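Same order as they appear, the protein sequences are chains A and B. UniProt numbering applies: residue 1 is where the first sequence begins, and numbers increase by one. UniProt numbering applies: residue 1 is where the second sequence begins, and numbers increase by one.
Simulated from the structure, these hints should not be mistaken for laboratory data. From a predicted model like this one, the values you see are computed outputs, not experimental measurements. Heads up, a few of these hints could be off.
Said to hold, decoys possible - Computed cross-link-like contacts, PhoX-like style, restricted to lysine-lysine with a CA-CA straight-line distance of at most 25 Å:
(1) Lys73/A / Lys28/B
(2) Lys28/B / Lys62/A
(3) Lys28/A / Lys115/B
(4) Lys112/B / Lys62/A
(5) Lys73/B / Lys28/A
(6) Lys73/B / Lys62/A
(7) Lys28/A / Lys486/B
(8) Lys115/A / Lys115/B
(9) Lys73/A / Lys73/B
There are 2 protein chains.
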Amino acid sequence: GASATRRGAATTSTAAPATQSYETLVEKLRQIEHLSGIEGLLGWDEQTMMPAGAAASRGAQKVALATLLFAEKTSSELEELLDQLSGEGALEADAQRAVVREARREFDLATKVSKELVAREAEVESRGYQTWDAARKANDWASFAPVLEEIIEVKNEIAAAQRPDLAAEGRLYDAHVDKFERGMSAERLDEVFSELKAGLVPLLRSVQAAAGDAPATPACLEPGDAWDVEQQAALCREVAADLGFDFEKGRMDVSSHPFTGGPHPTDVRITTRYSTGNWLEGIAGTVHETGHAMYEQGRLGGDSEFADLPVSRALSMGVHESQSLLWERMVFQSRAFWKYMAPKVAKYFPHTEGTSPEDFYAYVNRVQAGLIRVDADELTYPLHIILRFDLERKLATDPAGTVADLPETWVRRMKEDLGVDVPDNAKGCLQDVHWSCGAFGYFPSYSLGAIMAAQLYSAAKKDLPGLEEGIAAGEFAPLREWLHEKIHRRGSFPQSLDEILTEATGEPLSVGPYLAYLQDKYSDLYDL
Amino acid sequence: GASATRRGAATTSTAAPATQSYETLVEKLRQIEHLSGIEGLLGWDEQTMMPAGAAASRGAQKVALATLLFAEKTSSELEELLDQLSGEGALEADAQRAVVREARREFDLATKVSKELVAREAEVESRGYQTWDAARKANDWASFAPVLEEIIEVKNEIAAAQRPDLAAEGRLYDAHVDKFERGMSAERLDEVFSELKAGLVPLLRSVQAAAGDAPATPACLEPGDAWDVEQQAALCREVAADLGFDFEKGRMDVSSHPFTGGPHPTDVRITTRYSTGNWLEGIAGTVHETGHAMYEQGRLGGDSEFADLPVSRALSMGVHESQSLLWERMVFQSRAFWKYMAPKVAKYFPHTEGTSPEDFYAYVNRVQAGLIRVDADELTYPLHIILRFDLERKLATDPAGTVADLPETWVRRMKEDLGVDVPDNAKGCLQDVHWSCGAFGYFPSYSLGAIMAAQLYSAAKKDLPGLEEGIAAGEFAPLREWLHEKIHRRGSFPQSLDEILTEATGEPLSVGPYLAYLQDKYSDLYDL
Numbered sequence: 001g002a003s004a005t006r007r008g009a010a011t012t013s014t015a016a017p018a019t020q021s022y023e024t025l026v027e028k029l030r031q032i033e034h035l036s037g038i039e040g041l042l043g044w045d046e047q048t049m050m051p052a053g054a055a056a057s058r059g060a061q062k063v064a065l066a067t068l069l070f071a072e073k074t075s076s077e078l079e080e081l082l083d084q085l086s087g088e089g090a091l092e093a094d095a096q097r098a099v100v101r102e103a104r105r106e107f108d109l110a111t112k113v114s115k116e117l118v119a120r121e122a123e124v125e126s127r128g129y130q131t132w133d134a135a136r137k138a139n140d141w142a143s144f145a146p147v148l149e150e151i152i153e154v155k156n157e158i159a160a161a162q163r164p165d166l167a168a169e170g171r172l173y174d175a176h177v178d179k180f181e182r183g184m185s186a187e188r189l190d191e192v193f194s195e196l197k198a199g200l201v202p203l204l205r206s207v208q209a210a211a212g213d214a215p216a217t218p219a220c221l222e223p224g225d226a227w228d229v230e231q232q233a234a235l236c237r238e239v240a241a242d243l244g245f246d247f248e249k250g251r252m253d254v255s256s257h258p259f260t261g262g263p264h265p266t267d268v269r270i271t272t273r274y275s276t277g278n279w280l281e282g283i284a285g286t287v288h289e290t291g292h293a294m295y296e297q298g299r300l301g302g303d304s305e306f307a308d309l310p311v312s313r314a315l316s317m318g319v320h321e322s323q324s325l326l327w328e329r330m331v332f333q334s335r336a337f338w339k340y341m342a343p344k345v346a347k348y349f350p351h352t353e354g355t356s357p358e359d360f361y362a363y364v365n366r367v368q369a370g371l372i373r374v375d376a377d378e379l380t381y382p383l384h385i386i387l388r389f390d391l392e393r394k395l396a397t398d399p400a401g402t403v404a405d406l407p408e409t410w411v412r413r414m415k416e417d418l419g420v421d422v423p424d425n426a427k428g429c430l431q432d433v434h435w436s437c438g439a440f441g442y443f444p445s446y447s448l449g450a451i452m453a454a455q456l457y458s459a460a461k462k463d464l465p466g467l468e469e470g471i472a473a474g475e476f477a478p479l480r481e482w483l484h485e486k487i488h489r490r491g492s493f494p495q496s497l498d499e500i501l502t503e504a505t506g507e508p509l510s511v512g513p514y515l516a517y518l519q520d521k522y523s524d525l526y527d528l
Numbered sequence: 001g002a003s004a005t006r007r008g009a010a011t012t013s014t015a016a017p018a019t020q021s022y023e024t025l026v027e028k029l030r031q032i033e034h035l036s037g038i039e040g041l042l043g044w045d046e047q048t049m050m051p052a053g054a055a056a057s058r059g060a061q062k063v064a065l066a067t068l069l070f071a072e073k074t075s076s077e078l079e080e081l082l083d084q085l086s087g088e089g090a091l092e093a094d095a096q097r098a099v100v101r102e103a104r105r106e107f108d109l110a111t112k113v114s115k116e117l118v119a120r121e122a123e124v125e126s127r128g129y130q131t132w133d134a135a136r137k138a139n140d141w142a143s144f145a146p147v148l149e150e151i152i153e154v155k156n157e158i159a160a161a162q163r164p165d166l167a168a169e170g171r172l173y174d175a176h177v178d179k180f181e182r183g184m185s186a187e188r189l190d191e192v193f194s195e196l197k198a199g200l201v202p203l204l205r206s207v208q209a210a211a212g213d214a215p216a217t218p219a220c221l222e223p224g225d226a227w228d229v230e231q232q233a234a235l236c237r238e239v240a241a242d243l244g245f246d247f248e249k250g251r252m253d254v255s256s257h258p259f260t261g262g263p264h265p266t267d268v269r270i271t272t273r274y275s276t277g278n279w280l281e282g283i284a285g286t287v288h289e290t291g292h293a294m295y296e297q298g299r300l301g302g303d304s305e306f307a308d309l310p311v312s313r314a315l316s317m318g319v320h321e322s323q324s325l326l327w328e329r330m331v332f333q334s335r336a337f338w339k340y341m342a343p344k345v346a347k348y349f350p351h352t353e354g355t356s357p358e359d360f361y362a363y364v365n366r367v368q369a370g371l372i373r374v375d376a377d378e379l380t381y382p383l384h385i386i387l388r389f390d391l392e393r394k395l396a397t398d399p400a401g402t403v404a405d406l407p408e409t410w411v412r413r414m415k416e417d418l419g420v421d422v423p424d425n426a427k428g429c430l431q432d433v434h435w436s437c438g439a440f441g442y443f444p445s446y447s448l449g450a451i452m453a454a455q456l457y458s459a460a461k462k463d464l465p466g467l468e469e470g471i472a473a474g475e476f477a478p479l480r481e482w483l484h485e486k487i488h489r490r491g492s493f494p495q496s497l498d499e500i501l502t503e504a505t506g507e508p509l510s511v512g513p514y515l516a517y518l519q520d521k522y523s524d525l526y527d528l
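Just chain A, with the same shape it has in the complex:
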């Protein structure tokens, strides 16, 4: 642990020169972290506060800062320190070795790609996003297809440069995935997703067959003008505070796409959007972003010797998503939660007075196979992800061939997997922004997060007797503290999702708890 490390360094006199280099390294890494934090603020401001006319000046400010930051991140001084401290026996303490390891990983990712390639990447991603945006609006796959091919080719070059080891083994897609989910491989994902799909599809078929028997939605829960957005915002603030979002160390604002951002774990900024046409989206989004935010706010900081170092950062996108999904699905979509929540909704929306927790519970867990990933329920969502994973693997090995068949494949798979008919590419293979802006290899993290969330929640229930009775009473601190300890404060000390899950639950990533959770819940809801 941390205190043992501190003692170790202080009493080992032979480590003196390394200790000095280590202190210098820490100082440099913190400098980089603070400048990255400023990038976080610029990004938040751009999406929430910045006037429209400032787009060009903001772009110039971001480039100016990124240029300086890149120089700091790739400096020869930093490299020398890392070389010095990476040597066998240079540092005695495991935790300090982890600090150097994480810093080295970031240094390598930043330096292994040529400036020319970075510039090509930026150009194609910017063009890719614009082309995609127009193509989706015009339902015009043909205009996007060649750019997508270009994007994949550039991303493949980068992945090969960053991970020559994986490229040499023909595992280029693993290099893409590794950037978001370290240590993960296509082979492993294939196993996990096959097991998941094998369990999900029959369950979904049963639910679809039984859908007619689902309880009717009370009229007062239907969208409409009664769901005043100011009242929604007030309700959401209260719920976020109850869950444990620390408003002393964060803010909550409105943006057109909800996100968690901001410059520092003491300044975490979440956004959401409210509409009278979909009241559930505002509150579910708030809970989701609160899950992300509590991970950030719960990181090692303050007086910790690891504060503001890469090792204190979130381990991976999958782990981050596990935190938002645990709160959104295992908590917000639970029967227990609505015992706490129904009276709170009625306080802000008196027209819902008398609606039972059970009615709310059924409403927030409606299952409906649809075309659009971001609108999907927890049962169908993984099937959207598995389709994208299958396509990404093929895209990485054969960009041209895969792009050529992509719309057809999409239509066929949506029918096979979800039973829905895709009317056009805009609602099909053009729906997601990810590939257009270069987030290639990201999709699997969403479902890894969901699987991990179920696994963590199952372990938390064992560790925390009375957890759900507490949730029904609005007591969220035990679960939050458990996550702080098991996940948030562990930062990137563990090196993979499997490692952190084994620490927290005794087992590596396992699909069982997720399938059991879904099976139990929907069997009950739909009387299967």
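Starting from the known structure of chain A, arrange chain B on it as the hints suggest.
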């Protein structure tokens, strides 16, 4: 002008190497400007949005950025370019020479002070502010006095380092003033302020004698709950937009101390504060900050070859203050303005319906000699400034002696100049934040701005027939455009307040128009 310059550079083949260096210089200066813009955003965010718990991380972010920015501002590469381009005949175009001159001025100010001295300055200013804050609350001059002495001594050392020429002539105070008001001297200020005081004091005495005859304030204008702060904010947004604040290139928010800030002329952020206890402060503050903001939004930018260069920046604090004060006093406090404004106030505050423009006009121009500078009316305000100027001059030459007598001098002068009794130091010599945080030599700019505002407005009236009829009808574009042309787009091409005033009005700084304005206005208001 700008286009002639551009042609000149393009057709002078011998200037090719200088042209290349010039382009490199421009690129470096813009990089610096963009990073400084980010500092502007960090500052704005800190005062408007940042959660309280983020103070420490924000401090670290600011230090990280300032460190990089200082390195950019003082780089040997920049120095070489400046040396190369400062040589006789290096650049043909006046405007390009002005670019180099302004960049050189900033480079010199940044490099002539040792790092050790900069660190001492930061330390004593931070300690100074904290000591002052506590001293004012406790009405405890003795605790602040020694720190003030230290501050002046450090600031004197810096001023001597930055301006050895002035220091050698025994004009150390001029070096202080020059940082805020370039080219200004104690001697000149003495002349200006003597003339001002000689005109003001008899006028003030007459007004005070006639104060009993002033029209009574209609009850509906008195502060109170009727002045809902949300309604105030809505009114203020409408008025700011009418005056010409461009909300596409700016924002308006709330902060405890109103200010104009933000990262760029296309992203100017003003703040104000609203209370039911003083409705006039919110709207007057909005107009004041809008004046500052329109200066920033009106700077050369867009496709101008001088966009984002030091030469496009505001010339001095006095000039900046002239823009806020012109709108606040010559416009907002004018009879014409309230013909436009009275119905607008009634729209948001129906309880004022039927109040005549003349009643409003009398209300916003009440004269009342008081203890506190920031609460002073336009007639007594300069007397507060002149006292501080007299003290600053003495402080610069004899810190210890002046600090020792300061409270006594303050009490005596407030009685002599304004006829008011100072009950304690908290409401006397401890009231201003400026000296505590090192803004030494700043005070004169406030009154230079007021004098300049009257001079500009007098010239605008000559240039723009029907100006005041237009204002009464809510037409502010002619005045705004006149200021854009005469002041805002002139940036720092002129090198002093006298130079820009001579361009705009045909005369250097002159007290006459200000005294005439006050004489006319208050003779009329008080039937003198």
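Comparing the hints with the structure gives:
1. For the proposed pair Lys73/A and Lys28/B, the alpha carbon gap of about 21 Å is at most 25 Å, so the pair holds.
2. Among the hinted pairs, Lys28/B with Lys62/A is consistent with the structure: their alpha-carbon atoms are about 15 Å apart, no more than 25 Å.
3. Distance restraint check for Lys28/A and Lys115/B: the Cα-Cα separation of roughly 20 Å lies within the 25 Å cut-off, and the hinted pair is therefore satisfied.
4. Restraint check: the Cα-Cα separation between Lys112/B and Lys62/A comes to about 30 Å, which exceeds 25 Å; the hinted pair is violated.
5. A threshold of 25 Å between alpha carbons decides the hint, and for Lys73/B with Lys28/A the separation of about 21 Å falls inside it, so the pair holds.
6. With a C-alpha separation of about 18 Å, the suggested pairing of Lys73/B with Lys62/A holds against the 25 Å cut-off.
7. A C-alpha spacing of about 48 Å is found between Lys28/A and Lys486/B, which places the hinted pair above 25 Å, so the restraint is violated.
8. For a cut-off of 25 Å, the pair hint linking Lys115/A to Lys115/B is broken: about 34 Å separates their Cα positions.
9. Restraint check: the Cα-Cα separation between Lys73/A and Lys73/B comes to about 21 Å, which is no more than 25 Å; the hinted pair holds.
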